[in-house]
Amino acid sequence: DTAVSQTPKYLVTQMGNDKSIKCEQNLGHDTMYWYKQDSKKFLKIMFSYNNKELIINETVPNRFSPKSPDKAHLNLHINSLELGDSAVYFCASSQLFGLAGGNEQFFGPGTRLTVL
Amino acid sequence: RKEVEQDPGPFNVPEGATVAFNCTYSNSASQSFFWYRQDCRKEPKLLMSVYSSGNEDGRFTAQLNRASQYISLLIRDSKLSDSATYLCVVKKIRNDYKLSFGAGTTVTVRA
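Those sequence lines, one after another, are chains B and R. Residue 15 is where the first sequence starts when you use the numbering used here, and the numbers rise one by one after that. Residue 79 is where the second sequence starts when you use the numbering used here, and the numbers rise one by one after that.
No lab work stands behind these hints: they were computed from the structure. Please note that a few of the clues may not be correct.
[Claimed, not checked] Reference excerpt, derived from the structure (chain R facing chain B, CB under 8 Å, subset only):
hint, residue
1, P122
2, L165
3, A181
4, G182
For every residue, glycine included, the Cβ atom is placed at its ideal position computed from N, Cα and C.
All chains, full assembly: derive it from the sequences and hints.
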């Protein structure tokens with residue numbers, strides 16, 4: 015069974031459109047994340063939710079709006095897509111008190127977004 | 079200065095060789111350290127945590143040098159399947175949610 019799943023896997027769209035990416039985890043974790051990995055492969059945190067509450071909100075344009083209907087789901091809606099939004103978006107989940115006092119994060123397979 | 083910096087490589091090594099690389103972090107208060115592995119067009123996966131005393135997991139050895147603020151990863155007896163990008167990951171506070179990722183070091187093992 016897939017632990018962290020994302021849909022869609024690929025998304026090609028025109029500038030100015032609005033799109034959503036969905037994420038679900040079946041690990042029973044309390045915390046979920048959205049990351050953006052750009053063409054230089056740098057993985058950057060965007061948002062994090064813990065038990066449906068927003069706990070991390072990095073400097074991200076307000077065109078990006080996360081929504082967590084329950085602790086197993088975290089969706090990302092993007093308004094007015096721009097060329098610079100093209101990247102791979104990864105969802106992840108973790109338990110706070112996990113491995114070695116850290117929090118091993120389990121990643122979804124990624125959504126490859128291309129804005130034309 | 080970036081929070082976590084890595085030599086991007088690539089490190090091209092023959093099968094059976096040993097390869098080692100470092101990662102530096104800027105915040106001296108950082109508490110937890112990890113190496114993640116990312117295969118081409120795949121998601122990152124935890125390879126190993128890095129403990130203060132250093133630790134081994136099979137052919138992989140991780141070291142932490144707090145004085146100089148770097149961590150290292152050494153791979154012995156490289157296999158073709160070790161070809162990947164290795165991401166250095168740092169957490170500032172023990173029970174913090176946020177991880178800071180380096181841009182990765184690419185290793186290619188050739189036959």
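Cross-check of the supplied hints:
1. P122: Holds: closest Cβ of chain B sits about 5 Å from R/P122, inside 8 Å.
2. L165: With Cβ-Cβ at 7 Å, under 8 Å, it holds.
3. A181: Since chain B brings a Cβ to about 5 Å from R/A181, closer than 8 Å, the hint holds.
4. G182: holds, 6 Å
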